[in-house]
Structure formats: structure tokens, C-alpha cells
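Trainee: Heads up: the sequence lines are chains L and R, in that order.
Read in numbering that gives the first Met the number 0, the first sequence has 206 at position 207, and its numbers run on one by one without any break.
Read in numbering that gives the first Met the number 0, the second sequence has 6 at position 7, and its numbers run on one by one without any break.
Treat the hints as calculated values from the structure; they're not laboratory data.
One should not assume that every hint holds.
[To be verified] Below 25 Å or equal to it, Euclidean Cα-Cα: the simulated DSS-like pairs (lysine-lysine) are:
hint : chain 1 : residue 1 : chain 2 : residue 2
1    : R       : Lys189    : R       : Lys155
2    : R       : Lys155    : L       : Lys29
3    : R       : Lys202    : R       : Lys189
4    : L       : Lys145    : R       : Lys85
5    : R       : Lys202    : R       : Lys238
6    : R       : Lys238    : R       : Lys204
[Said to hold, decoys possible] Below, a sample of chain R positions facing chain L; criterion: calculated Cβ distance under 8 Å:
hint : residue
7    : Ser86
8    : Arg91
9    : Leu116
10   : Glu119
11   : Arg124
Glycine is no exception: its CB is placed at the ideal position from the N, C-alpha and C atoms.
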Amino acid sequence: MSETVERSAETLGPPAGKPGEGSGLGAFLKRGGLAFLRQREASIFVVAVALVIYFKIAAPAFTTKLNLVNVSQGTAPYAIIAIGEVFLLVCGEIDLSVGFIWALSPFLMQYFIDFYGIPVVVAIVLAILSGALIGSINGLVTVTFKVPSFITTLGTSFVIFGFMLTTSHAQARGLPAAAVGIGHWFGTFAWSEIIWCLALVFFFQMVLTRTRWGLHTIASGGNLLGATEAGINVARIKVGNFVITGALGALAGILEAFKNSTIDPSAGGYTPMFYAVAAAVIGGTAMAGGSGTVLGAFLGMFVLAILSDGFNLLGISSNPYQIILGIAIILAMISNVYLTRLRRTGRT
Amino acid sequence: MTVEAQEARSPVPTPGDDVLRVEHISKRFGAVTALTDVNLYLRRGEVLGLLGDNGAGKSTLLKILCGFHQPNAGRILLRGEEVVFKSVDHARSLGIDVVYQDLALINELTVFHNMFLNRERVRFRLLNNRAMRKLARQYLDDMGVGIPTVDAEVAKLSGGQRQAIAVARSVYSDAKILLLDEPLAAMGAKEAAMILDLVRDLKEKGDVSVIIIAHNYGQVLEICDRVNLLQHGGITFDKRSAETSVQELNDIVIAEYRQALRERHRAPQG
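Just chain L, with the same shape it has in the complex:
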């Protein structure tokens, strides 16, 4: 197999290009620029930087500490649940119920503390585990009965919402006195939400791109049958990603309750979930499954938060923000499709 091999190696496949053509700073920048543009997060990163510059010039108050806290708090909780939605979208699923887990979890924390006398830290952990448990139900129903996750989680949305309203009598309440101290770690301190968010974004970006779990998540969404044939336990991957999303939803809800110093039955709901999905899509995650980025979703949410905040600073009503948001989602999707095609045709 020596001669045939050499011959076929030359004839099979397109000829390899000549990397490293040209030299000097110009060529280096060009190569670096191309490598940057090849990244899925590139377009949304450029948009984010441009918006920061624009609002800094148009509204000097944009970079005051108070305003940056606003932007960070407008980004963090949504970006946290967007992490989960990215994992689900990549493996071909979606969770509509995560915003209701968000609403329920601070109530669960309060029940555990006030009704069962459970220590605060344990109660918070239990509330997050409850979110994970709800996620596992979402996942198990979806994979066991082959119900589309859109429908499964639509159903559980109502169930969770109803459970929360029934047990809380739809009454808002303050935080348990015992929990106030520890709240600084969980949302009371102005920067705590964004610190949680960045740590989670970094961690889960690693999980998605550098671990077997992430690779198998991509494989499950990219080619379900192929992944199964390769011996990947697709059901385990999907259920696991619902569990992650549920836990993140519960954490986001607790952070928001501490930030607002109140446990409110009207918190959460579909709106944060749709923001999270929008952020994921704007950031470069494909609804059809098989590709996505946690970092992109974070940047996507950051852009949405900047837009909302910047409009406010410029004195524009927040109403047209919805128009911008809608157009941004559609434009992002169009550019996504286009960029993917560009990557595939091998011109990068």
C-alpha cells in the first residue's frame, strides 16, 4: 500500500492552500483578523463594542458606576438562564418553563427557611436542587414519551406557575430575616449577580467546547441517529441539559429575589426565558441544534441590556426598545445563516 497511497494522497480531496503567505505586520493582522472573524462570537462582539462606544459618546452618564451596575444587572440573570438554553438548543431541545422555575425557587427557599427551619445555605442549595429536579422531569418526560420539549415545558410552565401561586397564595413577601446576611453573596451586593454570571459563563463555555459532555451535546443536536449509532447515550445528555437549565433558572430566581429584596409571584415567567433564547440566537446559537456558544449568548444578552439601558439614558421611551429587539433577533438569525454558509463553503 505504498505507491497507491502516495498517489491517492495527492489526488484525493482539494489541494491544500499555502498558509503563511506574506509577512510583516500587515499580513499578521490580516491573519489574526480572519482567525477572529472565524469565531462564532465575532459578530456579536463587534456589535457590543460599537454600542458601548456609541452610548459613551451620546450619553456620558453611560459609564458611571451606577449605570454600569444597571447594565450588569440587566445582563446577568438572563444570561445565566441563557447558558441553559444554549445547551438545550444545541442538543435540539428548548425549555419554556425556566422562567417559572425562576419564580418558584425563592419561594421554595423561603418555605424551607421559615416553615422547616432549615439553615439558609442549605435552603438555597435545596431550592437550586429543586430546580434541577424540575429540569429532570422536563427531560425525562421529553425523552421517555418522545414529547417535543416545546410542549413538555409548556405544560410544566403552567404546573410550576400554578404550584407557586397556590402555595404562596399569590402574595409577595420579604426575604426571611435569617437570609439577609448571606444575601450579599446572592444578589444584594451590586456586582454579585454579574460575578456569578461571568463565573458560570466561563465554566459552561469550557464544558461546551472542551469536554466530552459538550461534544456529545453538539453531536446529539447535529445528528441524533448518528450520535446514537456512535454509542452516545443521547437521552442522558438531553436530560442532563434540562437539569442544568433548571438549576440555573432556580439560581437566577434567587439572585433576583435578593437583588430586589422581595419574593414576588410576578417575577420570572415567559419574558426572561424569551430574552434568554433571543440572546442565545443573537449570540450565534442555531435553533436547529448542533451549534452554539455560551459566550455568544452572554454577549447577546449584554447587547440587549445595553440597548435597553442606553435608550433610557438618551431619553427615548423603552417602548421602541421592543421594536429594536425584534429586528435585532431577525437580523442576527439572517447573519447567522449567512455566516454558517460562509464557514461551510471553506472560504475561511
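With the hints as your guide, set chain R onto chain L.
Mentor: Frame of chain L, contents of chain R only:
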């Protein structure tokens, strides 16, 4: 195992020499019966060609042998011991690897991630991309597959290149039994020669046994020691390649087709 030694053996197989033995396997999918009673044996170092019409159940049989499907009845003996494959992973851990007809490649992943799909190299729980990249490059070079970069997404590749990657993935998995479902389907003449060379190499090494599904009888007889024909849910024909010919195989399949046609015409209308 030399050719003479194989020639000298009696046509009735002695169980000790069989690396794989399938007895009375049947498989139903709901109301459809894919396999009724399959008996098959594979000897150590042997290349067995599995022929049959479209829909005869060849792929189903291979998917049972690799642990993807579980049979409804019958038993499988691996190196003389009865086994029940719980999953693809389980069969793989026992040294059986498969190239599926649909290749089981993930378009969105790179060539090297596909080549190590579900058997990734890991360091401290993180993917060891450097090691996988290097090995993938080495395997493809050994095979003579011309792919400019193993960092390309497989969606970018041609049909033949994709097939070569799927074959390379199994061949270099250290499997002792290789199941190849139409490995030549999307291949041009050169690429097909490359795969056939690869199988010939394996045969020379002597301890890997192969079952190949293919439609080109010429290629099958060239590369296989023995051919089996799967018809009506069972093996109806078992001959050494030297004892049969393209003509005979063609005649059998055409006769089956004519027979089926006659029966359809004879069937009462309405």
C-alpha cells in the same frame, strides 16, 4: 492463518475457530419481520461478504451484531461464549466495531472529533484535542486519505472523504471484528481501491475478522474469503469465494427477483 490451512479445513465449521457465531437470530419491528432465522459464522482472520437484495435485512443484522439493535430471539457466540450486547459501547468494549451505512458522522464537528466520537482522549476531564488531532492526522495519512486539515468540519468534505473518515475511525479502533455496511457506496474507483487495500492489509495481519456488505460482486469476490447471501430473512447461500462467481451470484439474485414478480402476478387482484 495461511490460505492452505483454510483450504484444508472441512466445510463444516468447528466452533473453536469461530470468532463470531450467530444462531437462529430473528428480529421484528412492530408488524414487520426483518430477520426470521439467521445462522452465520465468522472465522478468525476471515473476510466475509454479506450479499442480499435491498431490504433483505443486511443492515439490521449488522446493527444486531454491533449492539445497536437487540434481537427478538436467538443467540450470539463471541469466541465460543454466549454474549448479549447491551449497547454499542458494550459491543465495542468486546472488540466489535462498525461502519454504518449512514456513516454516523456529525456535520458540525471537526474531522478529528468525529474520528474520536464517543472514545475521546481526555486529560483532567478536558478533551485532549492535541493528541486527537495528531492521531487523526496520522491515521488518515497511513490510509492515504487526502484531507487538507483535520480541523475542517466534516460538512465541508466530499462523500468519499466522509466515508474514508468513517472507515478510518473503525479500522484504527483496535477492533477484532469489523462490520462494514456498504463501505464503498460513495466511493470513486481510487477511493474504493484505498478501502479494499486497507481490508487486504487487515487480512494479512490475520487477527482481524471482517464482515462486509457490498453490492459490487466483483469487488466482493476479490476481497472476501467467503460470501453469504441473505434472502427471506435468513442465510440461503454460503460458499467460499473461489467456489462461486459473479455470474452465479447474479443469477441467484435475478432468479429471486423473477420469482417474486411471478408471485405478485399470480396473487389475486383486488
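Trainee: Taking the hints in turn, state whether each one holds.
Mentor: We went through each hint and held it up to the structure:
1. Lys189(R) / Lys155(R): holds, 20 Å
2. Lys155(R) / Lys29(L): holds, 24 Å
3. Lys202(R) / Lys189(R): Distance ~20 Å between Lys202(R) and Lys189(R) Cα, so the pair holds.
4. Lys145(L) / Lys85(R): holds, 22 Å
5. Lys202(R) / Lys238(R): holds, 19 Å
6. Lys238(R) / Lys204(R): At roughly 23 Å apart (the allowed maximum being 25 Å), Lys204(R) and Lys238(R) satisfy the hint.
7. Ser86: holds, 6 Å
8. Arg91: holds, 6 Å
9. Leu116: At about 5 Å, which falls below the 8 Å cut-off, the nearest Cβ of chain L leaves the hint on Leu116(R) intact, so it holds.
10. Glu119: holds, 5 Å
11. Arg124: holds, 6 Å
No hint from the list above goes unmet by this structure.
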